[in-house]
Amino acid sequence: GDSVTQMEGPVTLSEEACLTINCTYTATGYPSLFWYVQYPGEGLQLLLKATKADDKGSNKGFEATYRKETTSFHLEKGSVQVSDSAVYFCALRSTGGFKTIFGAGTRLFVKA
Amino acid sequence: DTAVSQTPKYLVTQMGNDKSIKCEQNLGHDTMYWYKQDSKKFLKIMFSYNNKELIINETVPNRFSPKSPDKAHLNLHINSLELGDSAVYFCASSLQDSGNTIYFGEGSWLTVV
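Protein chains in written order, with the working numbering: chain W, 1 to 112; chain U, 1 to 113.
It should be emphasised that the hints constitute simulated quantities derived from the structure, not laboratory data. Just to be clear, a hint being listed does not mean it is correct.
Heads up, simulated DSSO-like pairs for lysine-lysine below, C-alpha to C-alpha not over 27 Å straight-line [unchecked claim]: (1) U:K19 / W:K60; (2) W:K77 / U:K9; (3) W:K60 / U:K71; (4) U:K41 / U:K19; (5) U:K9 / U:K71.
Which stretches of chain W does chain U cover? Using the computed rule of at least three CB atoms under 8 Å from a CB of chain U, they are [what the hints assert, rightly or not]: (6) 14–25; (7) 63–77.
Going by beta-carbon spacing under 7 Å, a handful of chain W positions derived as facing chain U [claimed, not checked]: (8) V82; (9) S83; (10) S85; (11) F98; (12) K99.
The C-beta atom is built at its ideal place from N, Cα and C for all residues, glycine as well.
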């Protein structure tokens, strides 16, 4: 079945450091790929998405490119801020659209 | 206006009790979900409804019974609560197409003692 694997955390960075959170997936067909972010005490919210191969999603300085050849959707940011501290989830939504599968989440701590 | 709202936000109850969590969305979406998040933040789908019809039931115990009176509401009733049911339960909604974003409620923190 479909699955999402993302790097385990926690990830601890200093402010202005570069961030990469790896995400790979297994799916049949042509899924859409998402990154969601969860701040403490809140629900998940969309950070960015890509719906077809080679698409790049971007938002708030974060980017991820849908790579079909490597079945990856790695999240990157060039300079993190303390306010980026949260849990990040990679997700896959299969063709047909009724099921979104989430990775295990990666907790990011950014120190001032 | 809150797009996906669920109540109550916090719920502490004893083992064996029955409780309900209500969810409403005002986004005009046709698909609604219940997700369970455990203490390690792992998020697992429980149910998915499309136009009030059950589409996904991920081997959830029969003690959990969702009800969708209309497309804008999806409630979750839990019978005979167990300690292992303690978790955060998220309601969510979306349009059906696979490219569409899921919108989450703020979560209901259930603690069974």
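Would you pick out the hints that fail for this structure and give their numbers low to high? 1, 2, 3, 6, 7, 8, 9 and 10
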